[in-house]
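Mind docking chain B on chain A? Use the hints.
Heads up: the protein sequence lines correspond to chains A and B, in order. Take 66 as the starting number for the first sequence in my numbering and just add one per residue. Take 26 as the starting number for the second sequence in my numbering and just add one per residue.
The reader is advised that the hints may include incorrect statements.
Covered stretches of chain A (in silico footprint by chain B; criterion: 3 or more residues with CB under 8 Å from a CB of chain B, positions within the stretch not fixed) [what the hints assert, rightly or not]: (1) 69 to 83; (2) 89 to 101; (3) 113 to 127; (4) 159 to 171; (5) 180 to 193; (6) 219 to 228.
Just so you know, these hints were derived from the structure itself, not from any lab. Quick caveat, the model's predicted, so the values are computed rather than measured. The beta carbon of each residue, even a glycine, is placed where N, CA and C say it ideally should be.
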Amino acid sequence: MNVDLADIVFFIVAALTVGCALYAASAPNIVRAVFSLLGTFFGVAGLYAMLAADFLAVIQVMVYVGGILVLMLFAVMLTSQIEAAGESAKSGSSTSVGVAAAVAAGVLAFFGTLAVHAPWHEAEPGAFEPITGSVGEALLGPALLPFEALSVVLLGVVIGAIVVARRRGPRSEVSLRASEPSGDDDREVS
Amino acid sequence: MDSLVRILDVGLPHYLVVAATLFALGLFCALSRRNAVAIMIGIELVLNAAGLNFVAFSRYGGGHDGQLFTVFIIVLAAAEAVVGLALVLAIHRRLRTIDVDRVNELKG
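Looking at chain B on its own, in the form it has when it is part of the complex:
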């Protein structure tokens, strides 16, 4: 009963556990997929987890610096997505595939 109350009383660890789960899922996605776009989905999940952690620590640690960090994380995630998807399009145009197992030659 006591542990149940501890689980239901939402605090910092709850957000950290959610962020850790997101991070692990993103890692799994990025490691196991062969489709380049699916790998980028995994990277987005990892970045979201990082942002969530920053905001959670900012909320329970005082100050707003964590939120500032998350602003930068979101902007850089957008930049990464733009460049990554441009690369995916370029690879697809040249090689007719975005299967990362088959994109294995340099200077192709």
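Excised from the complex, chain A in its bound form:
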């Protein structure tokens, strides 16, 4: 029986990933759930690294940990009252939680069985080598069209997010202030 170091590292990282995801999916406190996502994202980055996807591991840390996580923290801080944070991510009724758990368990059982028992065509993995060059050449070669389309998507996302999230014009803001003089508790948004 030959268990090498990489296998042990895999089980540690997988436990970190799944454990943090479990906490993020079930914690009653939304702030703790978001911070728990940190472990999941780092764990997935580690799994990418072990799958010889070094470029993706770095991208995962940069985009998810540096971008999406911070964005979610902003959203949490801007939308939930501090005194209600303890139960800010309370689940729905016990019926809906039960149904959700049943659906998730069914999906997990199905895909888990499939993953373990299906006759995957499993080639011998190649050596660990830097992947960034070939990814870059693919992005500027065969995958150029989706790559360019992605830049248009990102432009649309930037404009759309600004349009959706910005305050209304100055006139309606004045009328809003006039109509609810004491309810001005999103001052910090601007």
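What follows is chain B alone, placed relative to chain A:
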């Protein structure tokens, strides 16, 4: 003993099982929570699981196309998070809540 060796010998199924677990947890999170941000946490978990699957198949199937797909998945996940959180902020500004059970009227 034989099955233990099979479990400890990390291969493609191990990564698939981890990804399936992430997917199921994300599904559970998205279905059971009422907080809109928590629902987005679930969606991020699901997208991570998909990316992990692509990279695992790319590693054990030869070629780098799976990694290319994962690049696109990560970018689109970021785009989805940006637009979704902007919507959450807009809903909160208008309705003073992000409880999706109470955000139930159109043209509010």
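Against the structure, the hints:
no. : hint       : verdict
1   : 69 to 83   : holds (count 7)
2   : 89 to 101  : holds (count 6)
3   : 113 to 127 : holds (count 8)
4   : 159 to 171 : holds (count 8)
5   : 180 to 193 : holds (count 8)
6   : 219 to 228 : holds (count 6)
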